[in-house]
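S.K.: Residue strings, one per chain:
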Amino acid sequence: MSEWMNRTEKLIGSLRVQLTGEAHSLSVYRFLVNDIMELNGFHCDGEGCAEEKEEEPPALMLPRSKTETPCSLIATPGADSEAAGGSALREQRVSKSTPVMLRLDSLKKNRPPFPWFGMDIGGTLVKLVYFEPKDITAEEEQEEVESLKSIRRYLTSHTAYGKTGIRDVHLELSDLILWGRKGNLHFIRFPTHELPAFLLMGRDKHFSSLHTTLCATGGGAFKYEDDFRTMANLQLLKLDELDCLIKGVMYIYSVVSSGPPECYYFEHPTDPERCEQKAYNLEDPYPLLLVNIGSGVSILAVYSKDNYKRVTGTSLGGGTFLGLCCLLTGCSTFEEALAMATEGESTCVDKLVRDIYGGDYERFGLPGWAVASSFGNMICKEKRDSVSKEDLARATLVTITNNIGSITRMCALNENIERVVFVGNFLRVNTLSMKLLSYALDYWSKGQLKALFLRHEGYFGAVGALLELPNPS
Amino acid sequence: MKLRRCSRKPAFPWFGMDIGGTLVKLVYFEPKDITEEEELEEVENLKSIRRYLTSNTAYGKTGVRDVHLELHNLTICGRTGNLHFIRFPTAAMHRFIQMGRDKHFSSLHTTLCATGGGAYKFENDFRTMADLELLKLDELDCLIQGLLYIDSVGFNDHPECYYFENPSDTQNCIKEPCCLDNLFPMLLVNIGSGVSILAVYTKDNYKRVTGTSLGGGTFLGLCCLLTGCETFEEALEMASKGDSTNVDKLVKDIYGGDYQRFGLQGSAVASSFGHMMSKEKRDSISKEDLARATLVTITNNIGSIARMCAVNEKIERVVFVGNFLRINTVSTKLLAYAMDFWSKGQLRALFLEHEGYFGAVGAFLDLLKSADDT
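Read top to bottom, the protein sequences are chains A and B. Residue numbering for the first sequence follows the working numbering, beginning at 1 and increasing consecutively. Residue numbering for the second sequence follows the working numbering, beginning at 1 and increasing consecutively.
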């Protein structure tokens, strides 16, 4: 049975890809699913089938433990109609004869062997999530191979790896239940240019003897696929980065139940005295505009768990900020660039509306303090000689951030979506940009749009990859 | 050629001025139908202004008359003459005002039609330094009126408007004239120091859809900082020789090829300047590469935003104007390509020969209109 489920899942998955991932009407999906199910001997009462709100979980779902599945996946009594009937494919109901035990059986059969990793190989950073089991029995411990033990010890007893690897301890999720096991979820990152060193380490630790499949997403999953194979004898299960991003966001949001809230926003972002971070309830998340700011930017309109489209993107992202800063100020790291930006003043670098109009451009509601031309004052040698590196860093940050905010606002307007969630490592330790985005979105939309942020920022892709572990290709 | 009827003509000289963030654009009407009688009556300073403007193509160190844009034998308001197009940096504004004072301009003409932000910013300076009263006009109103007028009179019997045939072939794409017969609706993208994007439905019905602060001023400002160049022409010269792919991180640098799932070709830029976080790469690129990357980044960003607006406003014609495009074929071709490619042929980029002068023309027209008001 589980084999059938996997086959059907794959077929539907590939059909979805062929439909180019754009949002499509539910009826299209319903049609496809009914067709496929009938081919496999399942009978559906046509329209009536899809409409019924069943108590039992749908047959097409991945086997998961009830306790850690995101709430939107399970048809619980009183689940909102959008989650139950609005999501595509996976929510299709079949006849009542679908056995519930089936799921628990396949849970045991499909639970992947340790170690459990998810990897997102981006343009600048590799994000790694690692599940550390804390419920290992004495028996299990005895059977455990040495390399597995050593990997676990290495990862959990350090917070820094080599010169550039970092474990973000403050993001660790403790006592998580995943596929029937209890443990901690760790969040690790290192620069993508250190991947060869990582592969060598994987080889030296005989990772391939443990686990020949590694779930990976991001462009690097495609670019480095061969290197993984030749250098470390590891086969990558390649996953789409935006699919993983969304899965990861929904999952993390659902499991963070204690400690600081996952989703937050800024109240009074431009008032240093009154500005504060406040929790935001994302339980009813759809529709959502998801803006992923990594090296570059992707903007997604998410209508439901399985129904989203990539609206657009921009190449002026985190990589642009860091690249320009390195050139203009001589800094070498993201942290340095941010530190300089914090000290600088962008208004000497940018040409403001008031520099051109002498005040506001009232006719079109442009206040004098708005930037008319980023870096516009730098056409003048005198001004170039009078600004500091910190000013340049600040202007670069403000320019990139405001451009993203502006494009985001246009998308939100066109897609008719009011909630915007910003993720991605450009926002890591970057409260300046977060506040700027909060203010800009609020101001230019006259209060219609709200900028939201998530604590696990750039790790969602990796989490989404981890979640695919039980589905080997 | 459209004739404009005026019952009362304003006194010469006829000027229109657009004081922008970086450049001042000036249009000057030189009458060629002056009768002997009129010439006898003409005051000396008016004659001197006319001679000064028409016998020079450069003024001081930074003023330039774009002779190739001159409109010959234009008949407007019952007079026939040439329309001249002059520009100088806004930074030289005070010198210009002093010149106006020295030539006793105020004795001739106490009203000067001016648009652009500087019409507001320098209003007092005109009054106190040269005793000149500015008639302030909105820059976007003037832009549209100026554009429509020039398009209607044509460019010395040539079309004002053009586009690129086969824009994806940047080496061989051909510049083709085009008729703006069905002008409306159009998306008008004005790329000056900054950018304004307007949806124009009819002659009198338009809205400012949005804008972006990453415009021509950003290109020049960043280039000056990154390469040490000082002028727009130098920056463009460097850009024409450079290779931006050494500076930008492309999709193929991240994916090893195309990002097929979402139709992103390997050659598309994923992260502008994305390679510059690596010291090795910083040491290996040239100033020309940096200039090119700056140009490409700014141009593509404008193209992307323009495309989004066109889609939202459901407009297929996108007209690009403004002095960022002056002698800037790299950007015009890039914009033509981007509009065509990303819209799968739905959108078309159009360009106009008089680029950045439409605001000044619009102000000039207002001078004649105000004389018409009885």
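Please note: incorrect hints may appear among the correct ones.
Said to hold, decoys possible - Simulated crosslink set (DSSO-like; lysine-lysine; CA at most 27 Å straight-line):
1. A:Lys389 to B:Lys279
2. B:Lys252 to A:Lys238
3. A:Lys389 to B:Lys252
Stated by the list, open to error - Quick list of simulated restraints, FRET-style, between CB atoms:
4. B:Thr329 to A:Asn414: 46 to 52 Å
5. A:Thr213 to B:Lys241: 46 to 52 Å
6. A:Glu276 to B:Lys287: 31 to 37 Å
7. B:Ser286 to A:Glu276: 56 to 62 Å
8. A:Gly259 to B:Thr231: 36 to 42 Å
9. B:Ser284 to A:Asp385: 41 to 47 Å
10. B:Thr128 to A:Glu276: 45 to 51 Å
11. A:Asn414 to B:Cys178: 44 to 50 Å
12. B:Lys241 to A:Thr164: 31 to 37 Å
13. A:Ser388 to B:Thr231: 45 to 51 Å
What the hints assert, rightly or not - Rough simulated footprint, nothing fancy, chain A against chain B, three-plus residues with beta-carbon under 8 Å:
14. 34–40
15. 153–167
16. 222–235
Honestly, the hints are just simulated from the structure, not real lab data. All C-beta atoms, glycine included, are put in the ideal place defined by N, C-alpha and C.
S.K.: Are any of the numbered hints broken by this structure? If so, which, sorted upward?
M.R.: 3, 4, 6, 7, 8, 9, 11, 13, 14, 15
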